[in-house]
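**Q** Given the sequences, and given the hints that come with them, work out the whole structure.
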Amino acid sequence: MNLTPEKDFDETAPEIDARSDAESEPGPLLFDGADWSFKSLSRTYDAIERVALDDLGLNVYPNQVEIISTEQMLDAYSSFGMPLMYRHWSFGKHFAREEKSYRQGHSGLAYEIVINANPCISYNLEDNTMALQALVMAHAAFGHNHFFKNNYLFRQWTDADGVLDYFQYAKAFIAGAEERHGLKAVEEVLDAAHAIMEQGVFRYRRAPELTTEQRQTRKREIEAYRERTFNDLWRTVPAAARAEVTSEAEKMKVERRHKLKLPEENLLFFLEHNSPILEGWQREVLSIVRNVAQYFYPQRQTKVMNEGCATFTHHYIMNALYDGGQISEGAMLEILHSHSNVLTQPDFDERRFNGINPYALGFAMMEDIRRICSAPTDEDRDWFPELAGSDDWRGALRHAWANYRDESFIRQYLSPHLIRKLKLFNLTDNADDPHYTVDAIHDERGYRKVRDALANNYDPAHIDADIQVVDADLRGDRQLFLEHSVRQGVGLAEGSRREVLKYIRQLWGYDVTLSGMDHQTGEQLYRSSTLEADESDAA
Amino acid sequence: MAMHHFIDRRQNPSDRSLGNRQRFIRRARSQIKEALDKSIRDRKLGDIANGEDLSIPTKGITEPRLRGNSNEGRRARVLPGNKEFVTGDQVKKNPKGGAGAGKEGSEDGEGADEFSFTLSRDEFLQIFFEDLELPDLIKTDLRETTAVAYRRAGFARDGTPSNMDVMRTMRHSLGRRIALNRPDKPAVAALQEAITTLEETTEPTAEDRARLDALYKELEELQRRRKIVGYIDPVDVRFRQREPVPVPNTQAVMFCLMDVSGSMGEREKDLAKRFFVLLHLFLKRRYERIEVVFIRHTHEAQEVDEETFFYSRQSGGTVVSTALTKMMEVVRQRYPTDAWNIYAAQASDGENFSGDSQTCAKLLAEDVIPACQYYAYVEILDEREIELFGNPDAGAALWRSYRDVAAGRENFAMKRVTKPADIYPVFRELFLRQGERI
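So the sequence lines, in the order shown, correspond to chains A and B. The first sequence begins at 1 in the numbering used here and counts up one residue at a time. The second sequence begins at 1001 in the numbering used here and counts up one residue at a time.
Simulated from the structure, these hints should not be mistaken for laboratory data. The model shown is predicted, which means the values in this text are computed figures rather than measured ones. Cβ atoms here follow ideal geometry from the backbone N, Cα and C, with glycine treated the same way. Do not rely on the hints blindly, as some may be mistaken.
Using C-beta positions, here's what the derived DEER-type ranges look like [to be verified]:
1) B:Asp1367 / A:His181: 51 to 61 angstroms
2) A:Thr344 / B:Asn1071: 24 to 34 angstroms
3) B:Gly1060 / A:Gly176: 40 to 50 angstroms
4) B:Val1091 / A:Ala249: 34 to 44 angstroms
5) A:Gln168 / B:Gly1060: 28 to 38 angstroms
6) A:Gln168 / B:Asp1305: 53 to 63 angstroms
7) B:Ile1178 / A:Asp159: 49 to 59 angstroms
Here are some chain A residues pointing at chain B (derived, C-beta under 7 angstroms) [unchecked claim]:
8) Gln64
9) Ile67
10) Lys93
11) Tyr152
12) Leu153
13) Phe154
14) His435
15) Tyr436
**A** Shown next, in the form of structure tokens:
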């Protein structure tokens, strides 16, 4: 898709100064009826923007709102929600499924898709009514946009300025590779890379490389410290009976690991740089998949907050416009209808229950923060002394949006009030027991437990399998050793584990062995290798 | 104030997902084919023209990921909507996963072993007829008279005015005018204006007069040059040139011949119909234009419409040769062999008036087959008969005479079918690409 604007409706939009209207008396309606036009979109956008920037104090990237058709929307969200994605059969498969489900009426379509980029691009569905377009603009072009621009994870991990160029480059590169090396060859690499996409992200920032000067300064500082704290007495303390120099093999292993910078949690990165068999273009494909995974990693960690922020924003703005007389009652009813549809949270025992709805939880928490700030109870004062009664709920929310991710946000802000309201309870499931145990409910004893447990449910360290490259003897048999640090006894599903290992072997070129080690005891729980045709799982 | 844009993307090409789609179909090809073959056996062929809802096994199109094993370990999950639980309560696990486990069941989140989606009509036909080819095209090419089409072939200096290429002509004209320095209109107009101004001077000085003379001369020279160097000269003119090229004939006619005498019951007609439908679909993919002629026969043959052909009954004897004669009559009247590719399919239960089979064989060998691209004969038997005639050489009189015709002829084929499941394989066998014959 060509990203340069083809038609710029900005210039043709009429110069309507609604500012004076809005501030003095109930102004004229921004739009009337269900149909939208680029004029009414532009007018409404301006009104929304005023509330977003002047009232809520949001800080956003410039917006680019694109109107797309149903098919384009289906297409976009079968390719990781990214309309610029390179081509791969799996996207076609997802498209086929989404399309069928949509045509049969099993699922509706998202009203919008928004891309974390500068300018921030949001895709609105053409079928939306004008009221929905207004809702969607407030939601995506301001709510999500503010979150993207300010949240620390996005600031640290994604490059909003360059991302569109990068995706375009990636798409062109993959297409070029398909031409040069054939569809099949490219598909093989992509299949394998996709299989370990979740193991293809950096979870922690690395310490920045020191410059020579910094290194020397540090060395001097260390020496100065040694001189200051020198005490000859230490010399007289007998050395601990150190194990006699470890075997030659051990020593080589240490050296090897050091050279390869092991352990390494980013499998794609490791394979891209160290695989003995990959060609240049294949390494670049791995790099592309890895960058795509990294780009989406912050979104996975902030689903609740991101949707909460956007939902809170659209709810606030739409109400403000309605109060200002700029949106008709009918349109507002439609907006509220969609709003509450999105926020439905079925109870755990209902048929349609499908986990906690991030929109519902996020929105409820944002509203709760506002409540704590402006109308706190004694309980809130106990739990959130620095928030309660501060009255600056806008500032408090902006602070939360900027500095937390789902896990830490819940740990910090989930209040007893909300736990009671949602009637949350924590259910523990030990695979060996014939029953689940209710571990905590919404009572005095349970609040903290529920809060921690819910936070853990959103913690990547608890959700994602922790798999690292631990050894690879490039001079020997070149076998690749991976280690899975098993938490809470949860191993990997066997069928897919075997398949994925085959994919890793394909990228590495030699055999791959994965061992599951208990996180705490270090005991080996299972071992699975491409060496053996049939798996031998040590219990 | 942040700058903002609205962009209308709706007009962007809408088949952007096509590339992914094609890759997916290619990937799942073998599974799709298998599922198609299976579904074809049970489905009405009349529905084929529409797309197909298809379920294929996920094998080969799974996307494995490293996922936690849901059957082991300890986990905790926070759920909303507590009704009566208090801390310490135990909830019995329900074998399917139940309350707490939610939807963790499947490894890749797809839940089922089957992946179902909708195949479009084109994709369906593409896969359905994959590997099938019109029989013996190369060989019959000689007979397939080609039509003539005119194709653009550059430009020529002469031609009819309606073929003149204005752009090309004007380009040459412009080049020539510039090269030969033809004065343009504004230059002449400017000169004339200067002359008018001077002429209107009430008291011209000698200098003015001299200047006026010079200008007159100059004007005359300009006009002369304009006359010599024409605006458009015959050398500028170009005509679009077209040359005739032979193109393969793209129209075909398909003859459906069927015995409708009493011995052909609903079952037999249904089987015959399936075969005809397949052939029709197949030809439709190959030819731009295809016509169908239905000829039914008892002891006499008639050309009828489709409805009558398949659904009306008629009583009488069975004289197969009447149908062949009728067919050749129609061919001579409406489908000259130099303009049409002729295909014929005949369905019968194999019964014929005694002695007529020889006539049929003669007609086929001398008239019909030489005129046809391909002639297929399908004999519909019931289960008992097929045992009787297990040997391809055994059969009723018609079958035996046709065997003689078939010998040594590439564009004649005959098969026996007994049940719907046979139709497609037989069809495939008849039209399998050369060299891939089993």
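**Q** All hints, please: hold or fail.
**A** Verification of the supplied hints:
1. B:Asp1367 / A:His181: 51 to 61 angstroms: holds, 56 angstroms
2. A:Thr344 / B:Asn1071: 24 to 34 angstroms: Holds: the Cβ-Cβ distance is about 31 angstroms, inside 24 to 34 angstroms.
3. B:Gly1060 / A:Gly176: 40 to 50 angstroms: violated, 27 angstroms
4. B:Val1091 / A:Ala249: 34 to 44 angstroms: violated, 52 angstroms
5. A:Gln168 / B:Gly1060: 28 to 38 angstroms: holds, 31 angstroms
6. A:Gln168 / B:Asp1305: 53 to 63 angstroms: About 57 angstroms separates the Cβ atoms of A:Gln168 and B:Asp1305, which means 53 to 63 angstroms holds.
7. B:Ile1178 / A:Asp159: 49 to 59 angstroms: Holds: the Cβ-Cβ distance is about 54 angstroms, inside 49 to 59 angstroms.
8. Gln64: holds, 5 angstroms
9. Ile67: holds, 5 angstroms
10. Lys93: holds, 5 angstroms
11. Tyr152: Hint violated; A:Tyr152 Cβ to chain B Cβ min 22 angstroms, cut 7 angstroms.
12. Leu153: violated, 22 angstroms
13. Phe154: With a minimum Cβ separation of about 18 angstroms from chain B (threshold 7 angstroms), the hint on A:Phe154 is violated.
14. His435: holds, 4 angstroms
15. Tyr436: holds, 4 angstroms
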